[in-house]
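A.B. asks: Sequence:
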Amino acid sequence: MSANFGSLDRRAGVKALLADRSDLLVISGLGSSSYDVFDASEHPGNFYLWGAMGGAAMVGLGLALAQPKRPVLVVTGDGEQLMGIGSLLTIAAKRPGNLSIAVLDNGHFGETGMQVSHSGLGAKLEVIASGAGIASVTEISDMTGIESFRASLRDLRGGPRLARIRISAGEVERALPPRDGTYLKNRFRGHLGFAVT
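The numbering used here applies: residue 128 is where the sequence shown begins, and numbers increase by one.
For the record, the hints were derived by calculation from the structure and aren't laboratory data. It cannot be assumed that every hint is accurate.
25 Å max Cα-Cα, derived DSS-like pairs, lysine-lysine [what the hints assert, rightly or not]: (1) K312 x K142; (2) K221 x K251; (3) K221 x K142; (4) K221 x K196; (5) K142 x K196.
Work out the full structure: start from the sequences and follow the hints.
C.D. replies: Encoded structure:
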């Protein structure tokens, strides 16, 4: 079922999503989504998750609640979001207006060998998100959709919002961001204006 799942190039899509990011804070999920965010826009406002599979959306929720005057974007993959599917219920219940979630969905578990994922077998993440209570949900399959979603990212009241972005399942060369957790934490805290000790 996952053959011809999507044709959008993931790197080009993420670059377009992060263009003119201004004060956007970005949490990236485990693996390829972190590589994509790093390749698109290395920035002290990026927090790369090197572990915590399934936790990206919840980290984004915590950040959005703690920083209500800053737009927060979670960029993650379908496998990572499927593992944390229950987080969508909590996000819908808390209703952070400044939180957006972009799920890069290629219908595969890219970090474990490209096995077909649940979305590749027919699960519709945008329908699940809508059923959880997230009012602003969209499915994107082209650059026009990316640009439209990007225009909503700075809206601090219209969220939470989720976009399922249908990307191609091809191999992409890794672009590895910093891996030192202490460094990433301190850099991110400093970017938010907190003292780093």
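A.B. asks: Would you mind marking each hint as holding or not holding in the structure?
C.D. replies: Each hint, compared with the structure:
Distance check on the hinted pair: K312 and K142 sit about 23 Å apart at the alpha-carbon level, within 25 Å; holds. Straight-line distance between C-alpha atoms of K221 and K251 comes to about 22 Å, which keeps the hinted pair within the 25 Å bound. Taking the CA atoms of K221 and K142, the gap is about 29 Å. The hint is violated against a cut of 25 Å. Restraint check for K221 and K196: satisfied, since their Cα atoms lie roughly 16 Å apart, inside the 25 Å limit.
Of the pairs offered as hints, the one joining K142 and K196 holds, with about 24 Å between alpha carbons and a cut-off of 25 Å not exceeded.
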